[in-house]
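Novice: Spelled out from the first residue to the last, the chains are:
Protein chains: 2
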Amino acid sequence: MSIAVFYAPNAKDSSYLSEEESFHAIRVLRLKVGVLIHLLDGKGSKFSTKISAIEGKKVAFGNLDLIESEPKPSYTIHLYVAPTKQMERMEWMVEKCGEFGIHGIHFFASKNSERKEIKLQRLEKTAISALKQSKNLYLPKITGLHTFKDVVAKEGEEKLFAFISNPPVGVLSKTATKKANYHVLVGPEGDFTEQESAELKKNKWKPFSLGKSILRTETAGIAVCHGLHILNID
Amino acid sequence: MSIAVFYAPNAKDSSYLSEEESFHAIRVLRLKVGVLIHLLDGKGSKFSTKISAIEGKKVAFGNLDLIESEPKPSYTIHLYVAPTKQMERMEWMVEKCGEFGIHGIHFFASKNSERKEIKLQRLEKTAISALKQSKNLYLPKITGLHTFKDVVAKEGEEKLFAFISNPPVGVLSKTATKKANYHVLVGPEGDFTEQESAELKKNKWKPFSLGKSILRTETAGIAVCHGLHILNID
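Protein sequence lines correspond, in order, to chains A and B.
Residue numbers for the first sequence follow this note's numbering, so the first one is 1 and each next one is one higher.
Residue numbers for the second sequence follow this note's numbering, so the first one is 1 and each next one is one higher.
Derived from the structure by calculation, the hints contain no laboratory data.
Treat the hints loosely; a few may be bogus.
Which copy is meant is left open, so a pair is good if it fits within one copy or across any two.
Said to hold, decoys possible - As a list, the in silico DSBU-like pairs of lysine-lysine whose alpha-carbon atoms are at most 35 Å apart: (1) Lys32 with Lys111; (2) Lys57 with Lys174; (3) Lys141 with Lys85; (4) Lys202 with Lys154; (5) Lys135 with Lys202; (6) Lys50 with Lys111.
Produce the entire structure from the sequences given, and follow the hints as far as they go.
Specialist: What follows is the structure, encoded as C-alpha cells:
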C-alpha cells in the first residue's frame, strides 16, 4: 500500500494533524499508532513521520524527516478569474490548476461577471486534494471576491491579461517573459468591457491571446497555468 | 443577438437540419423562417444560410455561403485514452479538448483500465456543443472501446505515449516534431504495465513525460492537446 499523505500547514510548529485530517486518518484509512505517513505543509516541504499517538479524535505525529523541498520556486503563477455562474466549473479549474501546480487563484467581480460570491472553503478543499494527488509542494492561496478596481491596481513584475481582439494580440508564450512572478487575469465569458481593458493597459497589464478558439473561463484558466509551465521548462 | 450555430455534418448534400438540431432551433431558440443561421459541418467548413421552411419537426435551410474554411489542417491530433472510472471526467476531457481543438479521441482498455465500456453518444454530444462554443471547425471523431493490442499496432507518422519513469523521459515539447499527424496515448491512472510499455516501444511509440506533477488521466489528455497546440504556434 502506498504511504498516506496529509496536509499539515503547521507541521513544523505542531505535532497534531487537523481535526479533518485526523478524521481521515483514523476513520477513513483506519491508520494505527506507529504507521509511517507523509506530511505536506503546502509551502514547499514534504516530510516523513510516524503516527505517535491517537488521542480521541486527534492524531499526533513524531519527529519530522524532510524528504523533499523546494524552498523558493523559480517562478510563481497567480491567476485572477471572474467566476462563472456554475461553481462546479471553478472547482474543476482549481483542481486542474492544482494538479499542474499554481501559487494563487484569486477571484474578482468585473462588469460582465456572472457570479457575485464564491465558496472559498470548498475550493480550498479541492486544492488540498489536488495537492496530495499531484505530489506538488505548494498549496495555492485561494482568495476573493476582490473588486476589479483592487485587482487592476495590483503591483507586480509580470502582469498579463487574456484579451480577445481583432486583430489578435500575441500569444502567451510570446508575450510572457521566463522565470517571472506571473499575475494573469482571465475575464468573464462576456470578456472585459472596453473601459476595463483600457484601465488594465493604463496600469501596465499586458494583453495576450489564447489563440483563435473561444475558450470557456475555466479552460482559459487551465490554459494559462499549463502554458506558463511549458514556457518555463528548462 | 448573436447568430445561432448548428451542427450539420451533411450540410453540402442535404437541406435539412437533423431532428435534434431542428428541435433546438424551433423549440429552444424559437427561430422562424427567414432567420440567418450558421452551419458547421465539423469537417473544416462554416456556412451562412437562412431557414427556408419549418416542416413539422424539421428545419429546412437555403443556399449555403461558405464563410470560413480550413480544408486541411497543418497538423492533426488524435488522443488515445484509457477511460477513468467516473465517466464525468471523460466528458470534461472531451469538452476541453474540443475547445482547444482536436481531431480524434479514441478510448481503449489496458491492463490497469478502470472502465470497460463507454457512452459514445453522450461524448459526441459534448463534442458537438464544444465545437459550437469554441468556433473551431473540426469535430473530433470519438471511437472505442478499442483493445490495447489494436491501438499498439496502429500505423502513424508521429506516435507518442505519456510515460511516468525514473529518471523521467523528455517532455512532450522536446519529443514531438512540429506539424505532424500526432497519435498520442495516455495510460490509465495505474499507468501502463511494464509489458505494455515494452510493446509500445517495440511498435515505435515514443515515450514522453508530462512533467513531475502526477496528473489525472483527463488532465493528462488536456495537457497533451494544449501542449501540441502550443508547440505548433507559428
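Novice: State for each hint whether it applies.
Specialist: Now for the hints, and whether the structure bears them out:
no.: 1; hint: Lys32 with Lys111; result: between (53 Å within a copy, 33 Å between copies)
no.: 2; hint: Lys57 with Lys174; result: neither (52 Å within a copy, 50 Å between copies)
no.: 3; hint: Lys141 with Lys85; result: both (22 Å within a copy, 30 Å between copies)
no.: 4; hint: Lys202 with Lys154; result: within (12 Å within a copy, 53 Å between copies)
no.: 5; hint: Lys135 with Lys202; result: between (39 Å within a copy, 31 Å between copies)
no.: 6; hint: Lys50 with Lys111; result: between (51 Å within a copy, 34 Å between copies)
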